[in-house]
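Engineer: Given chain A, work out where chain B should sit, using these hints.
Single-letter residue listing:
Number of protein chains: 2
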Amino acid sequence: MASAAIRPTIRFSPKASTDPCLPPWDTCHLFSRCRNRTVTSLRSSLISSDLLGTNRSVDPVLKCNRIRSTVSATATPAEVMEQTPPKTDSKISTIVDVDLGDRSYPIYIGPGLLDQHDLLQRHVHGKRVLVVTNTTIAPLYLDKVINALTSGNSKISVDSVILPDGEKYKDMDTLMKIFDKAIESRFDRRCTFVALGGGVIGDMCGFAAAAFLRGVNFIQIPTTVMAQVDSSVGGKTGINHRLGKNLIGAFYQPQCVLVDIDTLNTLPDRELASGLAEVVKYGLIRDPEFFEWQEKNMQALLARDPSTLAYAIKRSCENKAEVVALDEKEGGLRATLNLGHTFGHAIETGFGYGQWLHGEAVAAGMVMAVDMSYRLGWIDESIVKRAFNILQQANLPTGPPEVMTVEMFKSYMAVDKKVADGLLRLILLKGSLGNCVFTGDYDRKALDDTLRAFCKS
Amino acid sequence: MASAAIRPTIRFSPKASTDPCLPPWDTCHLFSRCRNRTVTSLRSSLISSDLLGTNRSVDPVLKCNRIRSTVSATATPAEVMEQTPPKTDSKISTIVDVDLGDRSYPIYIGPGLLDQHDLLQRHVHGKRVLVVTNTTIAPLYLDKVINALTSGNSKISVDSVILPDGEKYKDMDTLMKIFDKAIESRFDRRCTFVALGGGVIGDMCGFAAAAFLRGVNFIQIPTTVMAQVDSSVGGKTGINHRLGKNLIGAFYQPQCVLVDIDTLNTLPDRELASGLAEVVKYGLIRDPEFFEWQEKNMQALLARDPSTLAYAIKRSCENKAEVVALDEKEGGLRATLNLGHTFGHAIETGFGYGQWLHGEAVAAGMVMAVDMSYRLGWIDESIVKRAFNILQQANLPTGPPEVMTVEMFKSYMAVDKKVADGLLRLILLKGSLGNCVFTGDYDRKALDDTLRAFCKS
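Residue numbers (the working numbering), protein chains in the order written: chain A, 1 to 457; chain B, 1001 to 1457.
Some hints here could point you the wrong way.
As the list claims (entries may be wrong) - Taking lysine to aspartate or glutamate and the EDC-like style, the derived pairs with C-alpha atoms no more than 16 Å apart in a straight line are:
| # | chain 1 | residue 1 | chain 2 | residue 2 |
| --- | --- | --- | --- | --- |
| 1 | A | Lys-410 | B | Asp-1171 |
| 2 | B | Lys-1410 | A | Asp-102 |
| 3 | B | Lys-1155 | A | Asp-421 |
| 4 | B | Lys-1329 | A | Asp-102 |
| 5 | A | Lys-127 | B | Asp-1421 |
| 6 | A | Lys-155 | B | Asp-1421 |
| 7 | A | Lys-177 | B | Asp-1171 |
These are calculated hints, taken from the structure and not from any lab test.
In isolation and in its complexed conformation, chain A is listed as follows (with noise of 0.2 Å):
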């Protein structure tokens, strides 16, 4: 069978998955998933009274409901599967860190941070603060963010900036107003920029805390699962050019990323399945146990469990913070992390920004980087299978949308960010379940056989 056969773009009901045993680790590829993860010093832990500072107090809440989700640097797979929380336990508070040098950060995680008032603000530099929130998020969140950085703390003056919502506005004009609202209000080199919302809101408002002055002080706040598990972790800003996303930006990194949960209680279905395709992502390229456990797990997620949807996260916010921590800048393993994302952008741009939520447009791509994989003949078919069917079971996007043509996807890929001296590098599977590869290095026909199986024309 050709994996190219599965292409519909319509959503799939649900169903179960496969759950085939698991091959050891493989060593061949370079950019295989790390092995000795102590190269790192990620720091998977509790909020404690410690890591907060020793005069600080602690919410009860978290005190009671603090359970063991350390995830070991040396953990065996085995042990990982054991950590999965208990399904009734709805609280989960950890700190994952991303570990940059003198640019290291939390990533905290849990339910009701945002009223763990010196969570934030302890991460305020400055007297002023500019909140950039979306005309979505702001109804929902703006008042509780705005209390939370000021409550107790009189010196603290607040800003925002609503911006209109959804990915056709990540563009040039709407960055200048935030510039223009932070000149006219006179912000100075200390103040702090937050960014409240999903990944449009977290990629403009760091570009512009970036770009600001050479470089202000800011805050994520993500409040989609998309922003949560991806990219308001890294350090990635950035905005759109009509021919292209995320052309135009800066690697510049927060001073935490706070991710409350309870956020996600207000996201539509369809963003919440949106940011699961990053999910299922880190398991296809460099966590094949993390994967297991999505294909038994994902019910539970679209049911929107807590425990469940704050493991994933975590899980997540692990697997993006190791990648980081080695390759800051993209010089390679970074890469691997947009399996997908080059068809997935050429979906985006071609159909239309914000026709498709940024996941979907990932899902689809991903089905395609797969079967690209299996055309070369680098992985099983069983992969291709389950990756198809755990997208399928998360109501997303198997393929392009039918306007896509294969002389769209051409032309579009070929301005994405990995192409070098002219030759476009793509992440690829190669191997067992979990190993990718970022490669330039592959037969042309398949990548062809693949657009025409996606493509009507």
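Structural biologist: Structure of chain B alone, referenced to chain A:
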């Protein structure tokens, strides 16, 4: 005598400078000149075959015209004065290193460097180069630079983008033209941007290089004294906002700076003088011997004596490199390079970008800052006179244009990047010549008095 009496804005004809004995360096100020030059690894040396790569040929002209121009890290003032090159030698080729760890780079200074093709080509990354220049410089030097980039190297292809000339085009709309060109031409991360022009081109090309695909390599080829002695060195890039200068940008270091002093042959007199304002600045804030040298050599500089110009550029770059190596991101020390700039930026913004050249506004701003320092009782009247006289000799303005009011100054100075938590910090001279402070701790009355003395309303 109140120094405020010195406020003409007309150009004065040159006259002889004063030449008082210099008091010994004092040690009372936080930001006074660094005593122990060995804390930086500033290297100022001849271009040698070793530095250029042992297998590369060195132009015979360079070989024949080497002179001793190395400045020892521990040179005494007397030694430094002796190192002034003989006036009869027009060939000086030096390298000043900017020591920033893995972001270190050389500044090449000398005549005929654009004929040293190897010098430029060794800093090109990838196969594609985008030269960013303007309508004034393109007819003069674009072909020469393209030839320097491609001569003997058929693998390199060069595109160019020619922007309108002038400070008023240092904005987001013009910046977008660089991105448009790079993206439409399908440049990828393995490319090099080359800034060919003055400070505006360098700042815009540098920011474009910092943000395009989140960062590509770039090279500075400054063609004005202003850019050669100041703006091309140290990695400050950016654009203006309608409310203030350089409010949007990045710290982003080039691969190298190539100062071919032959390009000054086509520089208008007014531009030449503008650049000398920054040369004078280095003397005032940290290098009294250099200031004394300038007092003796201003006429030779204005007459474009090649060796005198080359020495002024080299010595300025050494001063700047030393400061930038100690404080790349302007935590404190680097701000002292902005003597007169807060007043000057207010003039540029208030009077209209491009009405006055940057150095003209800075010259007027330095006279105002020196005046204020005197009103505070921080410097002797002799320094006020010497600063005034040398700027007057250089045919630079010594006060703001008449259109500037006290309120305009206050309004535009309030958005300066050196404001912190609402407090305007200024660079002011304090102590003997060559000493300054960067401080918000000054009597507000002195600032008010200075503004009133220099403004009609």
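Engineer: Which of the listed hints are broken here?
Structural biologist: The structure conflicts with hints 1 and 2, although it agrees with all the remaining ones.
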